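Chains as they are written, first to last, in the numbering used here: chain A, 11 to 329; chain B, 202 to 460.
If you are wondering where the hints come from, they were derived from the structure by calculation, not from laboratory data. Predicted model only: the values in this text are computed from it and were never measured. Be careful, since some hints might not be right.
List of simulated lysine-lysine pairs, DSSO-like, C-alpha gap at most 27 Å [claimed, not checked]:
no., chain 1, residue 1, chain 2, residue 2
1, B, LYS460, B, LYS278
2, B, LYS282, A, LYS154
3, B, LYS282, B, LYS460
4, A, LYS151, B, LYS278
5, A, LYS151, B, LYS282
6, B, LYS460, A, LYS32
7, A, LYS32, A, LYS228
8, A, LYS154, A, LYS198
9, B, LYS399, A, LYS154
10, A, LYS228, B, LYS460
11, B, LYS460, A, LYS154
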Amino acid sequence: MSTPAIEILGLTKDYPIGFWGKQVRRSLDALTLEVEEGEIFGFLGPNGAGKTTTLKLLTGLIFPTSGTARVRGRSIDDIGMHREIGYLPEQPYFYDYLTARELLDYYARFSNYTSRDRRERVSRLLERVGLTSAADVQLRKYSKGMLQRAGIAQAILDEPQVVLLDEPMSGLDPVGRYEVRDIILELKRQGRTVFFSTHILSDAEMLCDRVAVLAGGKLQGVGAPGEIVSLEVHAMDILFELPPGYDVPPALRKSVTRIGARCRLEVPEAELYTTLDELRRFEARILSVSPVRPTLEDYFLRLVGERRADSHGVEASVR
Amino acid sequence: MTTTPVPVALNTFREAVRDRVLYNLIFFALLMMGAAILVGQISIGIDRLVIINLGLASISLIGLVMAIFIGVGLVSKEIEKRTLYSLLARPIRRWEFLLGKYAGLLLTLAVNTSFMTLGLAAALYWVGRPLVRADALVLVAVYFILLELALVTALALFFSCFSSPMLSTLFTLGIYITGCFAGDIRAFGEITENPAMKTFTRVLYYLIPNFHNFNVIAAASHGERIPISLVAHNTLYALLYMALLLVAASAVFSGRNLK
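Based on the provided sequences and hints, a complete structural model is requested.
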């Protein structure tokens, strides 16, 4: 059996709060997770769920209260582990007196490349993230989206096997998001593992082999996006038009949404045929009938809703 | 031997240059030019004394302001701006980062001090006399100023690893001022009758860096001989103290959560 790309074993992180630090706030609660080599793994959760905490623990920026993690078999305490990873922090901010070319050149100096190799590598990456024309502009003049691209470039500069991205689509316009998605897919084609946190669930559904949902520091579920949502109850969506002079059947009036001349109706699967019979009785023209498969977003929102309902007082405990 | 601190040091130097820190040299040049012109008109025979005193005091003061105010931000600014995150995710140990930042600021201070020393030499030349052998004492005084600045920077770096820039400034400045009076503190301990005060002043004397020993500006301006033993003593003292402070800073910073 091959070694997982990322192996998280009971990672817990508490932060002391208050002047004397006698109380703690649990940011991450015994997270156990495995990410396979070559996977694109999405890490989902609302603000304060523990996503950034997990990524910071993996990169050694903060230290676990208990538990451990390994990247390609190397402990996160091992400095050699850092050769395996590339990291894009959330809302990255870089030395704003440098240009993007200088920034990448600076980071490349920690990797023993020859100066020629360094120059070529930097130029190649700047082109890859679409920053060639702004390569010699100081970063203080960059937009948020451009900074995000520079951040992605530095994360993949050393061609790491495991790429950790904290909200990589944040602040990007649709073109930028498309380009980042393209980079992530290219990394997968190259056999690399991508572990990224995101709020944009459509991106996770589109890209991820598997996702994990985190809320209140606790893991809520792991699996392929399809697996996670398949447990949900399905409904049916009916799109129809009524002939002139006809009104929506009184029994359905409350559930119908009008969109111009068209009407949309969502009914439980068991009531589909009864509803269609009723519509036919009113000479409705059925335009489409499609199953409503709950999205990852629905699952996510339900989890967060449940979490908020019973989370008060859970996060703080007396040491 | 690791080379990792080298790029960090060079980048710290580049930051200082691009943040126009070296613009203080213009102020120093104007000060020296003004002093040289003025001294020629108002003093007879003490032009050398005035120029050297003023020059060395300015070099020390400007260096001190730079060492403290840039030093306290060396680490805290990187944490606050989160520029550190993408750097420490690379195979860089925290002590290597600290050493690089420290070396970078020392390089900035050394370049700045070198230019100011050249300015002082030019002012001495301007007042109408050739440089003499005794002027070499100025170089010894400048060397001591550099040692002093290296120590102050190490103090500022140490405090910046765990406290805010404002508190770090207060701590560093407080220790520097106390250290300038180290000799007086010891003398006070010797004359006091109170045993508790005696112990306290003795502990304080040995704990805080003795900056008093680094000040040879008066000796240099009067052309008095500076013993080689003092040069060796100050060098070893500063190196030992810097090493202790850097080890302590590394120990503190290596265990710090970068929230």
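Against the structure, the hints come out as follows:
Between LYS460/B and LYS278/B the alpha-carbon distance is near 14 Å, which keeps this suggested pair within the 27 Å criterion. For the suggested pair LYS282/B and LYS154/A, the alpha carbons sit about 15 Å apart, so the restraint of at most 27 Å is met. Proximity of LYS282/B to LYS460/B is assessed by CA-CA distance (about 12 Å); at most 27 Å being required, the pair is judged to hold. For the proposed pair LYS151/A and LYS278/B, the alpha carbon gap of about 20 Å is at most 27 Å, so the pair holds.
Of the pairs offered as hints, the one joining LYS151/A and LYS282/B holds, with about 16 Å between alpha carbons and a cut-off of 27 Å not exceeded. Proximity of LYS460/B to LYS32/A is assessed by CA-CA distance (about 18 Å); at most 27 Å being required, the pair is judged to hold. At most 27 Å may separate the alpha-carbon atoms for a hinted pair to count; LYS32/A and LYS228/A meet this at roughly 22 Å. Proposed proximity of LYS154/A and LYS198/A is supported: the alpha carbons are some 26 Å apart, at most 27 Å.
Our distance criterion of 27 Å between C-alpha atoms is broken by LYS399/B and LYS154/A, whose separation comes to about 60 Å. With a C-alpha separation of about 19 Å, the suggested pairing of LYS228/A with LYS460/B holds against the 27 Å cut-off. Distance restraint check for LYS460/B and LYS154/A: the Cα-Cα separation of roughly 22 Å lies within the 27 Å cut-off, and the hinted pair is therefore satisfied.
Hint compliance for this structure: hint 9 is the single one not met.
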